[in-house]
Amino acid sequence: ASDTRPRVPRALTDEVPRTRPRHRLSCDPVRGPRSTERPARRVRARRVMRPLEESEIQQVFEKLFKFVGKNLKNIVDRADQPHCFRLHKKRVYYVREDIMKRATSVARDQLVSLGVCVGKFTHSDKFRLTIGALELLAAHAKHKMWVKPTSEMSFLYGNHLLKSGLGRITENTPANQGVVVFSMSDVPLGFGVAAKSTQDCRKLDASSIVAFHQADVGEYLRAEDDMVQGKKE
Amino acid sequence: DDDDDDASLEGIENKSPKDAKDLFSDEDEEDDSDEDDEFAELGDDSDEDDDGPLEQDFSGEESGSESESDEETLLPIEKKARKEDARRKREAEDAAAEQVLNIEDEDVYELSGDEDDPDAPPDLQHVQARIQEVVRVLQDFKSRREPGRSRGEYVERLVADLATYYGYNTFLIQYLLDTFSVAETMELLEANETQRPVTLRTNTLKCRRRELAASLINRGVNLDPIGKWSKVGLLVYDSRVPIGATPEYMAGHYMLQSASSFLPCMALAPQDGERVLDVAAAPGGKTTYLAALMRNTGMIFANEFQKKRLSSLVANLQRMGCTNATVCNYDGRQLPKVLGHVDRVLLDAPCSGTGVIAKDSSVKVSKSEADINKCAHLQKELLVAAIDCCDANSKTGGYVVYSTCSITVEENEAVLDYILKKRDVKLVPTGLEFGRPGFTSYRGKNFHPSVEKSRRFYPHVHNMDGFFVAKIKKLSNKLGPAGAEDGAAANGFGKATGDGSDSEEGYEQVSGSDDEVGEGGDGYGVGVGVDDEVPEKKPAGKKKNARARMLEELKAELEAEKKAKEEKRGKEKETKEKPAKEKKEKKAKAKK
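For the record, the sequence lines run as chains Z and Y.
FYI, my numbering numbers position 29 of the first sequence as 29, with every residue one higher than the one before it.
Each position in the second sequence, counted from 1, maps to that position plus 1000 in my numbering.
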């Protein structure tokens, strides 16, 4: 009532129409304001098959180095046939180059897997080796452990390896070294991290942990659904 | 077909004297009980003791008497012996005659009196007895029929009874009776009631069969090699540990796989360094076998349409150590557009599952004619797509193997017949040493003669799941049936020239019909014109659609009419002219 100017419909004014929503938050309500700890991520097509970036490849090689040491060169630059690592839907695949080239003709939503899946990136972008890497590791591993037949099944259920189940161990294994676990008939069963060095292992009592379990072949039966990406990603 | 004899049932039919003796003993036993052979044997023994010297030389007295008589003149004893023999013979003949009479009396099985009470639950023993009776009647219908009853009624009763007894729907029983003889149907139904033995395949990428067998035997598994035909198969009789959860299984040393699943991979026989496509790969048994045959060289495209089965496929590929596989999730019919040409293709098509009833008894009641036709349609589309993916000009390959776990003709031979008309392919021998050849004709439909190179497997014959395998060689990348021209054949049109090299003997060349024009343009005209009927032959060269044809026909008619009219006129003129001419001539003559 106090306003005596003639009322003109908004559409006829010269004003630039408002396109931004009226109430816009200045920061993400869940994760809080952006800070240096959470840098803006580079926008890149998320699900297409692509070579690994520098940071990603660094993580992968670090993890592999723990198990194979200098033999990493043999994995990365293979003499017989060139292989490469590719990232697809957060999983890292180790695949022969000619197969990889042919796989590019498959659409990204339809491509499920190529070659061998050696690991995956978690939600917080940490790399973790999965059981598919076992063959690769077993072929080039520097430190190995052999498990007694009586404790095979226990390890294959996902339990850690105890001193009572330990049959043999390679000499000079330092603590926290990646080890590949074999059965006494030299069948690779899985891999893990040595809890203690070889010398310390000798002094341990029967029920203490000798190797922390990371992956075992029992997962093919227990966790079949984890092999393929679920709907989340 | 119903008169095929089942010899085991018909021990009674033989009428030679020797068998008559056995009959005699059997009759005794039948009167007592329907016991098994042990009793019959006992009866036989008792008879044998009484046999004359001509038959048996066992009893001491008679041989003794003979040996004595050898030394002296035997006449009185001989005479006695011969009398005795004659008497026995007469007795035996009379007994046989009696026997025959008895059978004839039993023969007339009354169909009418033997109805079931529809409300009460079926008495299975009664049903079983009736089945046996009807089968017997059908085997010798003329002599054993009930007068006034047609064969159809007996068959109807048999179908209903078999459906009740074995738990099928009548469609499937009727289908089996149409496809096989009565005796074979019975065997098949019986075989479907029991499980086939458990078999496993050694993963040659990781170990040898001998070592695997040794380590499994150590764990307490009772096994044997599967047979001469496979070097990687093992047959498991029983085991103390769960066979699907041993450390060897988890390490990927073997795969639990039915014996019939070995066959399409053996037929395909991929070579090192080839590109192979598996159109319906899950759960991965055949794909991993292919990778093992190729020794992880070359590349395999493992395609699976159903998302929920992908995880088992990927898991199996990883577990068995296949490094040359790419897994994708396409509808098989889209594959020609996505993948380029590959050397070999394996299509283990989704089917109605009538061969694996022993594994999944829900198939007994759930399948109808519509289901089978739907499956057949899908299989035809998939096979066309599979053949389009294959490269005919590949140096080492150009083969497609088509297999199903079904024994119906619509899904097997009919699909092959269709593909022979649709693409430039031919059937080649599968390379499998055993198995029954495919049918070349079925219920009035005649298939291409080379269809007999495919192989059928049955549970009651081979003791493996019902299966069908066919190996197809792609002759050229043209999109048209064998012998069709290039380019013009893209739409299925064009003159059907008989290229001597490509065409099979006595096989009619066909060209496409109008329907394929729009969708056949880019060569992916799948799912169109999927009928089994052969479209009409077309004249050379020009495209003609329906309207143009009609116009032509009208023109032709008009022309014919015109001609007829002209002829008439011509005749009339002649007739008119003739008298005129004659008159003129007469006048001329008269003048002269």
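Please note that a few of the clues may not be correct.
[Claimed, not checked] When the alpha-carbon atoms are kept at most 16 Å apart in a straight line, the in silico EDC-like pairs for lysine to aspartate or glutamate are as follows:
| no. | chain 1 | residue 1 | chain 2 | residue 2 |
| --- | --- | --- | --- | --- |
| 1 | Y | K1308 | Z | D109 |
| 2 | Z | K120 | Z | D77 |
| 3 | Y | K1307 | Z | D109 |
| 4 | Y | K1206 | Z | E135 |
| 5 | Y | K1206 | Z | D186 |
| 6 | Y | K1307 | Z | D226 |
| 7 | Y | K1308 | Z | E135 |
| 8 | Y | K1307 | Z | E62 |
| 9 | Y | K1307 | Z | E135 |
| 10 | Y | K1308 | Z | E62 |
| 11 | Y | K1308 | Z | D186 |
[As the list claims (entries may be wrong)] Rough simulated footprint, nothing fancy, chain Y against chain Z, three-plus residues with beta-carbon under 8 Å:
| no. | segment |
| --- | --- |
| 12 | 126-137 |
| 13 | 164-172 |
No lab work stands behind these hints, which were simulated from the structure alone.
None of the values given here were measured: they were computed from a predicted structure.
C-beta atoms are modelled at their ideal positions from N, C-alpha and C, and glycine is treated no differently.
Cross-check of the supplied hints:
no., hint, in the structure
1, Y:K1308 <-> Z:D109, "15 Å, holds"
2, Z:K120 <-> Z:D77, "21 Å, violated"
3, Y:K1307 <-> Z:D109, "11 Å, holds"
4, Y:K1206 <-> Z:E135, "10 Å, holds"
5, Y:K1206 <-> Z:D186, "12 Å, holds"
6, Y:K1307 <-> Z:D226, "14 Å, holds"
7, Y:K1308 <-> Z:E135, "26 Å, violated"
8, Y:K1307 <-> Z:E62, "34 Å, violated"
9, Y:K1307 <-> Z:E135, "27 Å, violated"
10, Y:K1308 <-> Z:E62, "34 Å, violated"
11, Y:K1308 <-> Z:D186, "34 Å, violated"
12, 126-137, "holds (count 3)"
13, 164-172, "violated (count 0)"
Of the numbered hints listed earlier, those contradicted by the structure are 2, 7, 8, 9, 10, 11, 13.
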